[in-house]
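A.B. asks: Go by the hints and put chains B, C and D onto chain A.
Number of protein chains: 4
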Amino acid sequence: MTIVLGDNYYGKAETHVVRVTKRGATHDLKDLTVSVALGGDFADTHMTGDNSKVLPTDTQKNTVFAFAHDPIGEIEEYAMRLARHFVSEFSSVYRARVTIEEHGWTRVHDHAFVRSGAERRTAAVTCTDDGTWVVAGVADLVILKSTGSEFFGYIKDRFTTLPETHDRIMATSVQARWRYRDTQVDWAKSFAGVREILIDTFASKHSLSLQQTLYAMGQAALEAHPEVAEMRIEMPNMHHFVVDLSPFGIANENEVFYAADRPYGLIEGTITRDDAREAAIDW
Amino acid sequence: MTIVLGDNYYGKAETHVVRVTKRGATHDLKDLTVSVALGGDFADTHMTGDNSKVLPTDTQKNTVFAFAHDPIGEIEEYAMRLARHFVSEFSSVYRARVTIEEHGWTRVHDHAFVRSGAERRTAAVTCTDDGTWVVAGVADLVILKSTGSEFFGYIKDRFTTLPETHDRIMATSVQARWRYRDTQVDWAKSFAGVREILIDTFASKHSLSLQQTLYAMGQAALEAHPEVAEMRIEMPNMHHFVVDLSPFGIANENEVFYAADRPYGLIEGTITRDDAREAAIDW
Amino acid sequence: MTIVLGDNYYGKAETHVVRVTKRGATHDLKDLTVSVALGGDFADTHMTGDNSKVLPTDTQKNTVFAFAHDPIGEIEEYAMRLARHFVSEFSSVYRARVTIEEHGWTRVHDHAFVRSGAERRTAAVTCTDDGTWVVAGVADLVILKSTGSEFFGYIKDRFTTLPETHDRIMATSVQARWRYRDTQVDWAKSFAGVREILIDTFASKHSLSLQQTLYAMGQAALEAHPEVAEMRIEMPNMHHFVVDLSPFGIANENEVFYAADRPYGLIEGTITRDDAREAAIDW
Amino acid sequence: MTIVLGDNYYGKAETHVVRVTKRGATHDLKDLTVSVALGGDFADTHMTGDNSKVLPTDTQKNTVFAFAHDPIGEIEEYAMRLARHFVSEFSSVYRARVTIEEHGWTRVHDHAFVRSGAERRTAAVTCTDDGTWVVAGVADLVILKSTGSEFFGYIKDRFTTLPETHDRIMATSVQARWRYRDTQVDWAKSFAGVREILIDTFASKHSLSLQQTLYAMGQAALEAHPEVAEMRIEMPNMHHFVVDLSPFGIANENEVFYAADRPYGLIEGTITRDDAREAAIDW
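Chains as they are written, first to last, in this note's numbering: chain A, 1 to 283; chain B, 284 to 566; chain C, 567 to 849; chain D, 850 to 1132.
Okay, chain A solo, but in the shape it has when bound (with noise of 0.2 Å):
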C-alpha cells in the first residue's frame, strides 16, 4: 500500500477587482470577484516542497490586475482571457479555471452609481490545451410569488403533519448555472435572455411543486437558447408560513406570513438535452 496524490488544484480567490472605463465625464463601471484554479503537473512541492513549477497566488492575483487594464467586455470573455494565459504560459499547468462574479450597480449620474443588490451574475471559464469550456450563472436571485403555488398529493406517513395547501407563497433564492455548447456566443445576449426567462416562467408558471417549477424554469431556458446545452439549478424553498391567528379572533386568509430561516427545503436538478454533448470538465 503507497499513499499517492489524487486530484489537486490551487490558485487565488475573490480578488475584488473594479475597472472604470471612462467615456468622457461619463463612465462605465465592473465590479468583479475572481477567483483562479490550477491544476497540473504540482506533484512537487506537494512531495518535496519544490516549487520550481508552481506559479504563486500572489502573481495569479497580479495579472488579474494588469489583464483588467485592457477592456475587460463581458466576464466570460475576461476569464478566457486569464485561463488561456495561465495554459499557454506554464508547461506545468494543464488546466485552469476562472470563476467571476459580477456584482451590478445602477447608474444614477455620470460617474456614480449605487450597487444593486445581493444577486451576482457568474461565469466560470475552463481551459486546457484541448479546449475552452463555459459556464454562465445566476447567484442569489431572490424572487417570491404571493399566490399560483400548490402543495398537495404527496406521500404521507407517521411523521407528517403539514397539511395540504392549495394556495401558499413560493419564495426561493435562484442559483442557475448553464454551460455552453460552445464558445461562439453572443454572452451579454445570452445571459439577459435566460435571466429573464427564468423570472418569467417562475412568475407566470402554475405551480404544484418547487421542483415542477425548478424544471420549467430550465426547460423553457433551454428551449429558448440552443446555445446552452444543460443547466444545473439549486432552489431553496425559503418558506414563508401562515401565520395561525385565529386564537386571537383573526381569520388569516394567506396575508399575514412567518419568513423562517432555518430549516429550508433544498431542491436541485439538472435540465438537459438529449443530443447535447456529454460534459467534459465543464462544471
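Do not rely on the hints blindly, as some may be mistaken.
Far from chain A, some chain D residues (derived; all Cβ distances over 10 Å) [what the hints assert, rightly or not]:
hint, residue
1, Arg872
2, Asp877
3, Ala967
4, Asp989
5, Gln1024
6, Gly1118
The calculated lysine to aspartate or glutamate pairs, modelled on EDC-like cross-linking and capped at a C-alpha distance of 20 Å, are [said to hold, decoys possible]:
hint, chain 1, residue 1, chain 2, residue 2
7, C, Lys588, D, Asp907
8, C, Lys588, D, Glu1127
9, D, Lys1005, A, Glu89
10, B, Lys313, A, Glu255
11, A, Lys189, A, Glu77
12, D, Lys871, C, Asp810
13, D, Lys902, A, Glu255
14, C, Lys722, B, Glu372
15, C, Lys588, D, Asp1016
16, C, Lys596, D, Asp1016
17, A, Lys156, D, Asp907
Footprint (simulated), chain A over chain D, 3 or more residues, beta carbon under 8 Å [what the hints assert, rightly or not]:
hint, region
18, 883-894
19, 1008-1018
By construction, these hints were calculated from the structure, which means they are not laboratory data. Keep in mind that this is a model prediction, so the values were computed, not measured. Cβ coordinates follow ideal geometry from the N, Cα and C atoms, glycine included.
C.D. replies: Frame of chain A; chains B, C and D shown alone:
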C-alpha cells in the same frame, strides 16, 4: 455601597413578517423585520424573578403578527400602532420602542417580485404616555462615484505614508437616520425625498473629504425637509485602491482598482438645526 | 434657522493586527482588531473640505501597526497608549477612543495555535486632555444551561399563547461591557475574574427569568470586583423550543429541542453601584 | 432534440436539533445541524407536479426530530439510521444522503456549557439499497504557525512581485473530509485520531509550501488510520503580511503582521491509497 439596577429594556427582536395585500390578481407585498424593546417597571423580574409585570416577548411577537393583519400603511404608522399598544395596555410599560426594517421588492408580475437588494428603509418609533418620537432612515445604501473626489492638505506626521490625491473613487454604505420634528408627516413622501437628496448630493457634489460629502448630504436633506429636525449619518470609507501596475509596464490612470474589505475609514456625523427642539428619547 | 454640525467622529475601523513575540522557539500570539474614533476641531473638513486639521485614517492605521511593535501588554494598555498618542500629538483631536477586540488562540505547539472560537475579549479606551476612561468586556460568549430555568407568572392578554414552563433550556450569547472606576487596575486579572463570575453565575443560579439571571451575573461581578463601577449586559434569548413529538407517539421530556434563529428575545440591563462615580464619556 | 431531466435531489436542509441526555443532574448535549438530500424516482413532480412519490421536506424534518429521541450516538450512526430509513421506507427513494454538522460545547457545570468555537465535526452518510458510504470531516479548524514556514523557488514571470521568504506565518482554516473503507469503524476514536494528526502535522512539519503541508497532513492521517480510504482537504492560505515599518524607522523581524481577508490562496488536494477501493457515491 449597594448594587442597583440601572437602565434596562427587553423585547422580541427580528420578527420577520411578510404581509400580502390582494387587489384581485394584483398583490402588494410588505417585507418587514420588526424589533420591540420595552422599558418600565421591571425591577421585580431582575431582583426576584417575579414576572407579574412582564409581557413575554412571545406575546410581543404574536402582537406584531396580529397587528399586521390590519392594513400596514407606512412602517412609521405600523410601528406607532404597535408602540402605543404596548404603552397604553400595560401599566408596567413606560416606554416602547418599535424598530422596523423594510426590505424592498421589485414587481415583475401581478403577484411576483424580485428582491431589490441589501438596502433597507428603517423606522424607529418610541412611545411613552407623554409622547411619540419618530426616527426614519436608510441602511446599507451602497453608493460609489468614480471621480469627483479628492483628498489632500491633511496633517503629515512621522507615520504618514498616504500620498495626496486629486482624483479617487469614493464609495460608501450610507447608514442615515433622521428624527422628525413631530408626527405630522407624510412618511412615504418624506422618506423618498430624503433618500433622493442623499443620493443626488453624494453623486453631484465635488468632494474634498468624505466628511464634506456627509455634511453636504445632511445639509441638503434638512434644507429641503423642514419636517426633519436632525440627521445622523455613518459612512464607511470603502477604500478602492489604485493598483500599481507599473512593475508590469502599465500606466494605471484610475482605471483598475482593488476594493478592500478591512480596515476601512468610518465617518460619523450629526447635522441639525440651531432651532430644532432638543432630542428627547428619539434615538 | 441655520443648519449646524453636531457630534462627529471619524477614524480607521477594524485594523487586523497580529503580533508575534518570540522567546526562542516558543512564540506568543496577540490577534487584535483595532478601531480608532477621533473627535475634535473638525468643522472645517465638514464645511469646506479643508483637511489641515485632519489626521488621515490611513495614518491612524500606520500608527496602530507601529505601536504594535512595542510590547503590546494587555489590550487596555495598548489602547491607552494609542488613544493618548492621538490626543497629545494633535491639537485638533480633543477625544480619542480606541476599541480593540482580542481573538483567542489555544497553543498546540511551541509556535502553533488553534483559534479558540467566536468569543472575544474587548476593550474601549477613551482619552481627552482631562482623563482616561476604560471599558472592558466580553463579546459573543455563548452559554447554555439545559435545566434550572423556569418562566411563569407573567402577564396574560388576548395575544398570549405561550405556556408557562418550570423547566427549559436557557441559552444566550453574552455581550457584557464594564467601565472601571479608574485606571489603577490589574487588567488581565480583572478580566479573567469577571468572565469567570459571569459564567459561574449563569450556570449555577436557578433562573426564573433571563432578566433575573442577567442581573445576578452583573451583581456578582460588581460585588467581587470593586474596581468595576458599572456593567452593561445584552443577552439574546436564543430560544430552544421543545419539539412536539406527540403526533408520533413519543413523549418528549425536554430531550429534543429545535434551536431557532429568529426572532429572539433581547434583554438589556445596566447594573451599577449607588456610590459609583457618574459615567463621563466612558461608554 | 428533447429536453430531459438529469440528476436531481431534494430535501430539508439545516434542521438545527439539540438533544439533551440526562444522567441525574449531569446532562450531556448534542448540538447538530442536519441536512437531508434524497434522489430517486422523482420525474413526475418535475414534469407534471404529481407529488405522489414525494416525501415532503417537512416530514423529513419531523423524522430528524423524532429519530433524535432515540440515543443519538455518534453523528455517523445517527446519520446512518436516518438515511437507511428514507431508503428502506419509501420505494421512490433510491439514494439518501444525510449530512450533519456537530457544534462543540465545553462543560462548565453539571448542566451548563460554553460553545467551543466555529469548528465543527461533520459527517455525510449516503445510503442506497446496495450499500452505505460514510464520509467524516472537520470544518473551519483554524490553525496558525508563527514560524517554520518558507516559500521560495517558484516560477517568476513578468507579473511576479512577491519576494521569496524563509520565514513566514502560515495560517489556514482546515476543511477536511475523509471517506471510510467501510462502516466497521469506531467513529469517535477515528475522528479524534484523525483530527489530532492533522493538527500535529500542521504544527510540527517544517513547511516549504502550503501544498506540502496539506499533503503531509493527509498522508499522516492515512498512514495511522487504515480505516480511512481517501481524504480531501481544502485549505485557504489566510495571508498574514509582514507590515513594512521601515518608513517609521522600525525593523520588523516577523513580529507585526497584517491579517488580510481577501483575496486568499486556496489549496485543494486529495490524498488516497493506491489500493483503496474506487469511490462510489461516497462524496
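A.B. asks: Run through the hints listed earlier and report the numbers of any the structure violates, in increasing order.
C.D. replies: Hints 6, 7, 8, 13 contradicted; others consistent.
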